[in-house]
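Chemist: Taken in order, these protein sequences are the chains called U and F.
Counting in this note's numbering, the first sequence runs from 1 upward without gaps.
Counting in this note's numbering, the second sequence runs from 363 upward without gaps.
What the hints contain is simulated information worked out from the structure, not anything from laboratory work.
Yeah, the Cβ is synthetic: ideal placement off N, Cα and C, and Gly gets one too.
The reader is advised that the hints may include incorrect statements.
Reference excerpt, derived from the structure (chain F facing chain U, CB under 7 Å, subset only) [as the list claims (entries may be wrong)]:
(1) Val377
(2) Gly380
(3) Trp526
(4) Ser530
(5) Gly532
(6) Pro536
(7) Ser618
(8) Phe688
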Amino acid sequence: MRLKYKFLFKNFPGVFLIKLVPAISFSIIFFYSFLAIFAYYIIPQNTSMSNEIELSLANKPPGFNIDYIYLYNQNIEKSFFDKLINGENPKYKKIPISKIEESYTRIYYYDYSDTNFLNKKKIEKKDLKLNNQKNYIHKQTFFLGTDKFGRDLLSRIILGSRLSLSAGFFSVVISLFIGLFFGLVAGYYGGKIDLLTQWLINVVWSIPTLLLVISISLVLGKGYWQLFLSIGLTMWVEVARVTRGEVLKIKEKTFIIAIQSLGFSDFRIIIKHILPNIFNPILIISIANFATAILLESGLSFLGLGLPPPSPSWGTIIKNHYLYLLIDNPFSAIFPGLCIVLIVISFMSLGNYLRDFFDVKK
Amino acid sequence: MISFLLRKTIYSLFVILGIITIVFVLFNIIPADPAKMMLGERDDARQLEKIRKKYNLDKPILSRYFLYLNDLSVISVYDKNDDKINSIDILSFPLKKKQIVIKKPFLGESFFYKEKKVLDLILSVFPNTFVLAFVSIVFAIFLAIPIGVISAVKKDSFFDRFFWIFGSFGMSLPSFFSAIIIMWIFAYKLNWLTNLNVVGSLYEVDDLGRGEYLEFKNIILPAITLGIRPIAVIINLTRNSLLESLSSNYVRTARSKGLSESRVVLIHALRNSLSSVLTASSGWFASMLSGAVFVEYIFGWNGIGKLLVDSINNMDFPLVMGLILFIGVCFVFINILVDIIYSWLDPRVKIQ
């Protein structure tokens, strides 16, 4: 087992490249994480939560173009980390237009919503405050179209990967803390503690995962930590069950009995000698849990129990747009769905590959 | 056998007690005042007090817990002139001050549907969910086992690989997404071919004099959607356990006796691997009773899942509590059933 680890870490990316499926899933996960971290440097609409509502542009198909007049801009420079986390402040005041005529001092334009060219509007050129910027007409392309509030769908989807990945990561961490504690204690000490833990596991097991997540999130309310906690508090059962089983197997081994006879404390035996030896099955169950957590988060958001709007989340985007399928505008619901499927399938096949690699039985 | 059953039943009762406790604790630390929620906008102090008294909200949490258990229990004790008793089916035995009552479990009254008992609301929609789950699990079993058998016999063929990929997709599709896609393709795009409805329930009401009538074709799409995941799991399970049996000694013996390959696979090997498949399917059936939340919500199927989503949107907490308890208890009962079936198929289990 140790040898396999050395092999895995020495040839770190290489070992995944030998086989096609884990290679692809690993690169997809890497790509998603990159997008999630540097989202505000990548997306076209990089204001906070890319929440630029423009109802006249709602529900446009992918590849839609629009011209904007920029009325003024403010140069508020943000620090690198501030922009990385929160995005830019809205810099420009901009108007979507359908047609423009220019004279020497004035601009005449029609609003985008003004399809019959009825209401000609004008601006004095000297009123534009663009900090010496010559160009006041800007073209924007919405690569995946717009959502029902006229926001850029691509930006929202990329930003949505943040919530999904962090929900996966933090709820796995929470479930590991609780599950490892219960599993290790129950497996190592046995007896009444074990019986009690198994009862608790059976109880939580009998309440369907989705229902338990829903009721915990009803109790905790809306927010990042509430969401992660409610998913983590449901998934620890799986970790505890696996840990307990593995500890029971390893406890019988002679080296543990030898260490016990040396008189080391239980804490030290559990942390230093048992935990490293059950690392593989726990890693595999955590990867599977990661996928489950992403599914649960999107499900909660779909039911409207996720983060409050306007936070972008794949489940929320699908919920807001799935009825547009029936007026033949399917893209806004299908793209976020495909994102979920892709990341979940990547985690699952990576987990399966590692299970075969470490030869851990289910 | 009887002691095995008895042990299982007593343990399950403890599990059910645990479920009740968790649900009670969760919904009693909720940061909202149920009395205010019941009254809505028109709350004044006297009415609030009245409601609190009626629903025991003025009592400490521990005594509320025991009152809740008393409400849920089949055999319970009430005061003689408790107005709750009038609303419950009774077979009562009067004592001096109290009376012992045998009744249906009382899950409380809904906030939203005024004066309606939660249990009645749940039981009125439960048959719909049961029919849906049953149809889709039967569909899944009959489709998945043959595919699994062929995949195992023709290991590493194109067929096997194809369904391996299908299986991993099936496992990673969120059920709301698959429901949307299936609805879009089969009920909207291909409507001219399939003539299926986008939404529908088992019963439809016709204004032209037919009244309420059964519409069986409405079950097709929800059942398929709900079946995708079990199909993926059962294919995988059948394939793997069949491969394991095919490599065991007794299969080699059967082959060396000169039996035909189909007889070896279908009669000798498959029979042994079916027990794990059957256990998994009944487990899936149990989780389908609750896992249908998204499918029922999207297809407008009038079942438990839809009731749950509605009750969450209405903040109807007694109904949510009741639904979770109901589904949890269903889950426990089905697990007992699975244990019995399993011990019947594989007698080695009982000894452990």
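Chemist: Of the numbered hints stated previously, which ones are contradicted by the structure, given in increasing order?
Modeler: Of the numbered hints, 3, 5, 7, 8 do not hold.
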